[in-house]
Amino acid sequence: MLFGFPLLSLIIWLPIFFGLAVLATGGDRNAQAARLIAISGSVLGFLVAIPLYLQFDPSASTMQFAEKHVWVERFNIFYHLGVDGISMPLILLNCFTTPLVVMAGWEVIRERVSQYMGAFLIMSGIVNGVFASLDAILFYAFWEASLIPMFLIIGIWGGPNRVYAAIKFFLYTLLGSLLMLVAFIYLYYVSDGSFSILDFHKLPLPIEPQILIFIAFLLAFAVKVPMWPVHTWLPDAHVEAPTGGSVVLAAILLKMGGYGFLRFSLPIVPDASQQLAGLMIVLSLIAVVYIGLVAIMQADMKKLIAYSSVAHMGFVTLGFFLFNAYGIEGAMVQMISHGFISGAMFLCVGVLYDRLHSRQIADYGGVVNSMPVFAAFFMLFAMANAGLPGTSGFVGEFMVIMGAVKVNFWYAFFAATTLIFGAVYTLWMYKRVIFGAVASPAVEGLQDISKREFAVLAILALAVLWMGVYPFPITEVMHATVDELLAHVANSKL
Amino acid sequence: MNFLPPDFAPAYSEIFLLVMVCVVMLANLVAGEKRRYVAYGLAQIALVGCAVLTFTSISSEPSYTFSGMFVDDVMADILKLMVYATVAAVLIYSRAYISTRDMYTGEFFSLVLFATLGMMVMISASHFLTLYLGLELLSLSLYAMVALRRDLVTATEAAMKFFVLGALASGFLLYGMSMVYGATGSLHVASVTEAIQAGTSNHEVLVVGLVFIVAGISFKLSAAPFHMWAPDVYQGAPTAVTLFIGSAPKLAAFGFVMRLLVEGMGEMVADWQGMLVILAVMSMAVGNIAAIAQSNIKRMLAYSTISHMGFVLLGFISADTNGYSSALFYVIAYVLMTLGTFAVIMMLSREGFEAENIDDFKGLNKRNSWYAFITLLLMLSMAGIPPMIGFYAKLSVLQAVLNAGYIWLAVVAVLLSVIGAFYYLRIVKLMYFDEPVSNEPIVPYGDVKLLFSINGLAIIVLGIFPQVLMGLSLYAIQNSM
Chain Z
1 MLFGFPLLSL
11 IIWLPIFFGL
21 AVLATGGDRN
31 AQAARLIAIS
41 GSVLGFLVAI
51 PLYLQFDPSA
61 STMQFAEKHV
71 WVERFNIFYH
81 LGVDGISMPL
91 ILLNCFTTPL
101 VVMAGWEVIR
111 ERVSQYMGAF
121 LIMSGIVNGV
131 FASLDAILFY
141 AFWEASLIPM
151 FLIIGIWGGP
161 NRVYAAIKFF
171 LYTLLGSLLM
181 LVAFIYLYYV
191 SDGSFSILDF
201 HKLPLPIEPQ
211 ILIFIAFLLA
221 FAVKVPMWPV
231 HTWLPDAHVE
241 APTGGSVVLA
251 AILLKMGGYG
261 FLRFSLPIVP
271 DASQQLAGLM
281 IVLSLIAVVY
291 IGLVAIMQAD
301 MKKLIAYSSV
311 AHMGFVTLGF
321 FLFNAYGIEG
331 AMVQMISHGF
341 ISGAMFLCVG
351 VLYDRLHSRQ
361 IADYGGVVNS
371 MPVFAAFFML
381 FAMANAGLPG
391 TSGFVGEFMV
401 IMGAVKVNFW
411 YAFFAATTLI
421 FGAVYTLWMY
431 KRVIFGAVAS
441 PAVEGLQDIS
451 KREFAVLAIL
461 ALAVLWMGVY
471 PFPITEVMHA
481 TVDELLAHVA
491 NSKL
Chain A
495 MNFLPPDFAP
505 AYSEIFLLVM
515 VCVVMLANLV
525 AGEKRRYVAY
535 GLAQIALVGC
545 AVLTFTSISS
555 EPSYTFSGMF
565 VDDVMADILK
575 LMVYATVAAV
585 LIYSRAYIST
595 RDMYTGEFFS
605 LVLFATLGMM
615 VMISASHFLT
625 LYLGLELLSL
635 SLYAMVALRR
645 DLVTATEAAM
655 KFFVLGALAS
665 GFLLYGMSMV
675 YGATGSLHVA
685 SVTEAIQAGT
695 SNHEVLVVGL
705 VFIVAGISFK
715 LSAAPFHMWA
725 PDVYQGAPTA
735 VTLFIGSAPK
745 LAAFGFVMRL
755 LVEGMGEMVA
765 DWQGMLVILA
775 VMSMAVGNIA
785 AIAQSNIKRM
795 LAYSTISHMG
805 FVLLGFISAD
815 TNGYSSALFY
825 VIAYVLMTLG
835 TFAVIMMLSR
845 EGFEAENIDD
855 FKGLNKRNSW
865 YAFITLLLML
875 SMAGIPPMIG
885 FYAKLSVLQA
895 VLNAGYIWLA
905 VVAVLLSVIG
915 AFYYLRIVKL
925 MYFDEPVSNE
935 PIVPYGDVKL
945 LFSINGLAII
955 VLGIFPQVLM
965 GLSLYAIQNS
975 M
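Residue numbers (my numbering), protein chains in the order written: chain Z, 1 to 494; chain A, 495 to 975.
If you're looking for bench data, these hints aren't it; they were derived computationally from the structure.
Honestly, I wouldn't trust all of these hints.
What the hints assert, rightly or not - Interface residues of chain Z toward chain A, partial, derived using beta-carbon atoms under 8 Å:
1) Ile39
2) Val72
3) Arg74
4) Ala145
5) Ile148
6) Gly155
7) Ile156
8) Ile167
9) Leu171
10) Leu178
11) Tyr189
12) Val190
The beta-carbon is built from N, C-alpha and C at its ideal position, and this holds for glycine as well.
If we strip away everything but chain Z, and leave its shape as in the complex, we get:
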């Protein structure tokens, strides 16, 4: 409880409330008011999330801060919220990212400012709802609702091919999630009329339904993560989205897929997960190796980072299906760290794009001469993206590789190639953009980053370094939950 409000509800509804307030400011005449309300709403949203970490009991594996009220009596749907060691860090990541996104769009967005800022705040609340829901229908409602603001963000403020990207994004995700809905309704009947996720966890199921449910979940989550071969919407969406959209997409929305695997697939259908683990691992490794190679050849910076996101998320799904603590915790760390790094990378590209309106690597070169401070930040994030020890990118990858070695040497071998490919695509891109001869008079005349941009990048840089050097505060909170999850998965439900 915080000021008499249940904490989780506050975390969900406060940003949505502020988002509506921002929308109410109306047209662009009140743009400054919209910005101020947005930044205060998002900072407040982060502040109220802090007690979540401070009051969290890391030794307990049960749901904490639980709230439960009847919502739709007819179908036994509850407004049931709660967090454990898996969802809590993701909520913090989301609340942390929102103010940065608002700041990043501060001057750049000049058209329909209130709608832009409002959409991000509302989405922030919705995503918190996704991570905190313990009722399948509540979860589904938040899950689908998160599509709407993102669809509008890509479609209104995106690049030239934005309409195609927005519709592709929406339909891909919708297809996956509707099958998940069918699975939920099926589980509702098998569990004698309950939509509670925790009841689903305990439900015994024969193997055939387990496999079908696994596939339904897989479609929903694989599209979101995205896993190879359903990743093709992501590069399109990223390239066309405005900077803030890309940041939220990469840092937050992709994590919804990963979270889905941990909250639904593994505990609800553990036997099917074990049986199909081989398939999942192969798909993940294809993402890591093949998409890594694809990333090398990209000429567009945003596309390159988008592909690198797919490769990094391949690590996440790989970690989940190793069924050991290193794998799952490593995957969790990788998710959080990818949230910081990819967000930062997209912000860096956004900084360049705001100045030259080009994302093509070929249009740049020698940026370091005109933007030395920026080059330093970009260097740090590029290194983190390549998985340099001492940055957060290393921790997750290293843990997952350790987990993989335990299961099969070759899994670890192929996974480890990412350390090479990651370095190749990121650093080669960095070299071509930042170093070398000054490409054009426009590049020569670039202004170095403003105070606002400096602040945003510095906060992310601190986060990346802190997690790289001392990840304990993050891993500490998830130990108990992950152990519990592994114990649960080891028990057959047949």
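Fit chain A to the known structure of chain Z by using the hints.
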């Protein structure tokens, strides 16, 4: 011989409405050209009066009258109240539109009220002939309304098609009813049930009759493959009339299916279930796929209606209280969405300009972001995205289908609704992502503005709290089975 007058009490609202229709016609004659609002006002008063009469007659015990041909039960009362509200909303939304198009006449209002009366009779029928009577009263009024702008070629053509096909469907229905009569010896809903239960009637004759009845029903619901009239009529009719055809009669059609299939031929569930499965799948497929190709918004909405009716039929397939109440919930949600959507089309139209092309939605967000926002809610609701009401409608129907054991059917429904999402999203795209083609200000009447806002907010508020409507539909069904 003693003549006992029948008990008129259960039919007070129908009688009142009939009187009011005559009053509207006469008053309109007296009031003359300049004071058309008299007819409008009287029509609204008639609806309010009916609502009061119906509301006071709600009781958990059904009361029969006219030798058991007419029934007043909870389902009938609730459906009728919905019909009044819908018709009243239709009148408010249409006023501006019809007044600029030579349709603001007494005839329009008396036809609307006659059609309403037809719907009420359908909803309250407990005899196959009463059902038919109500249906014809409704249909004939609708044919006339479509042709109301007789100098308009498209409208006349639409009316002609509607009439010919409608008459054909009525023929089907009557033929089917006569077969049922031949097999059971009665047309009373209750006696037909008894006769079928007793097993004395010839099953084959009954099934043939059932096929014709289902065909007639499908026509009225515009379910594929009996949907051909819908796109032409939706497109050709004046938008105000399209709105009327697309909204309230679907509530009546729900009552119609309940009386005919569920109450009358409920014993033959096994026979009609299979037919409904085919109709539902075809409707969802034809509706969703054909809608993609449409560039006329009214035509697109006709196909969208076809697919929604497929979903409604899905609700009937499980053949239990749960399924019927889901179907009712779906119909109510559908009517709410349809009202709003056509209201937008009429708001975008102005004197001498029909907003019929989907491109007329271009850049609505720039012209008026509030209306664009409400239309966004409407479109997402039609696509079944939570937390809009359309999602819960789909959810409740899908759970009924899964409960009945048709997993494949639920999966097909889900896949087809992804296709459906595309063309709703296209409207959103036009409103939000494109530049406006015209910068005409949108200035609806104050009451339209208010009602439209309420309508749009209802889509999301009832979506966040779906319990109210779900409970109401369950109550309606439970108390009349």
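Each hint tested on the structure:
1. At about 22 Å, the closest approach between the beta carbon of Ile39 of chain Z and any beta carbon in chain A exceeds 8 Å, and the interface hint on this residue is violated.
2. A distance limit of 8 Å between C-beta atoms decides the matter here; for Val72 of chain Z the minimum to chain A is near 5 Å, and the interface restraint holds.
3. Hint on Arg74 of chain Z holds. Least Cβ distance to chain A is approximately 5 Å, under the 8 Å limit.
4. The beta carbon of Ala145 of chain Z comes within 6 Å of a beta carbon in chain A, closer than 8 Å, and the hint placing it at the interface holds.
5. The beta carbon of Ile148 of chain Z comes within 6 Å of a beta carbon in chain A, closer than 8 Å, and the hint placing it at the interface holds.
6. Because the closest C-beta pair between Gly155 of chain Z and chain A is about 4 Å apart, less than 8 Å, the hint holds.
7. Annotation: interface hint on Ile156 of chain Z holds; nearest CB of chain A at approximately 6 Å, less than 8 Å.
8. With 8 Å as the threshold, the beta carbon of Ile167 of chain Z comes within range of chain A, its nearest partner Cβ sitting at about 6 Å, so the hint holds.
9. At a threshold of 8 Å, the smallest CB-CB gap from Leu171 of chain Z to chain A is about 6 Å, leaving the interface hint in force.
10. Given the 8 Å rule on beta carbons, the hint for Leu178 of chain Z holds: about 4 Å separates it from the nearest Cβ of chain A.
11. Annotation: interface hint on Tyr189 of chain Z holds; nearest CB of chain A at approximately 6 Å, less than 8 Å.
12. With 8 Å as the threshold, the beta carbon of Val190 of chain Z stays out of range of chain A, its nearest partner Cβ sitting at about 10 Å, so the hint is violated.
Figure legend: structure checked against the earlier numbered hints; hints not met, in rising order: 1, 12.
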